[in-house]
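K.L.:
Sequence:
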Amino acid sequence: MKIVTNTLENIAGVGIYPVIGLLLFFTLFVVLIIFVMKLSKRDVEEYGRLPLSDGDEMSENKDDSLNL
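First residue of the sequence shown: 1, per the numbering used here; consecutive thereafter.
Calculated from the structure, these hints are not laboratory results.
Don't take each hint at face value.
Claimed, not checked - Cβ pair distances, simulated, as ranges:
id, residue 1, residue 2, range
1, 46, 22, 30 to 38 Å
2, 46, 24, 24 to 32 Å
3, 5, 25, 20 to 28 Å
4, 51, 20, 32 to 40 Å
5, 50, 24, 27 to 35 Å
6, 10, 44, 44 to 52 Å
7, 5, 44, 30 to 38 Å
8, 48, 23, 28 to 36 Å
9, 47, 24, 25 to 33 Å
10, 9, 51, 22 to 30 Å
Glycine residues also receive a C-beta, built at the ideal position from the N, C-alpha and C atoms.
The task is simple: from the sequences and hints, build the whole structure.
P.N.:
Right, dumping it as structure tokens:
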């Protein structure tokens with residue numbers, strides 16, 4: 001592990017990568033939270049029923065994006 005530490009210490013500007021990674025993670029997390037908060041109750045209920053369905057039933061709404 002010492003060789004990795006020594007190599008990383010010699011790279012100029014390597015300290016910015018953890019900051020970029022944290023900002024990227026935080027941004028994606030916030031976007032995901034906003035997406036989940038904007039879901040309609042009907043969609044959430046349908047997503048909740050998906051694991052229980054056997055795949056033979058079709059959704060009532062033909063335009064629904066869950067029909068694959």
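K.L.:
None of the hints should be skipped; say for each whether it holds.
P.N.:
Hints versus structure:
Range check, residue 46 to residue 22: Cβ separation about 35 Å, and the 30 to 38 Å hint holds. A hinted range of 24 to 32 Å for the beta carbons of residue 46 and residue 24 is consistent with their spacing of about 31 Å. Between residue 5 and residue 25 the beta carbon distance is about 23 Å. The supplied range of 20 to 28 Å therefore holds. Taking 32 to 40 Å as the suggested C-beta distance range, the pair residue 51 and residue 20 conforms, at roughly 36 Å.
Distance hint check for residue 50 and residue 24: the Cβ-Cβ separation is about 29 Å, which falls inside the suggested range of 27 to 35 Å. Taking 44 to 52 Å as the suggested C-beta distance range, the pair residue 10 and residue 44 conforms, at roughly 51 Å. The hinted window of 30 to 38 Å between residue 5 and residue 44 is violated, with their beta carbons roughly 47 Å apart. Checked against the hint of 28 to 36 Å, the pair residue 48 and residue 23 passes, with Cβ atoms roughly 33 Å apart.
A hinted range of 25 to 33 Å for the beta carbons of residue 47 and residue 24 is consistent with their spacing of about 26 Å. A beta carbon spacing of about 49 Å between residue 9 and residue 51 contradicts the range 22 to 30 Å that was offered as a hint.
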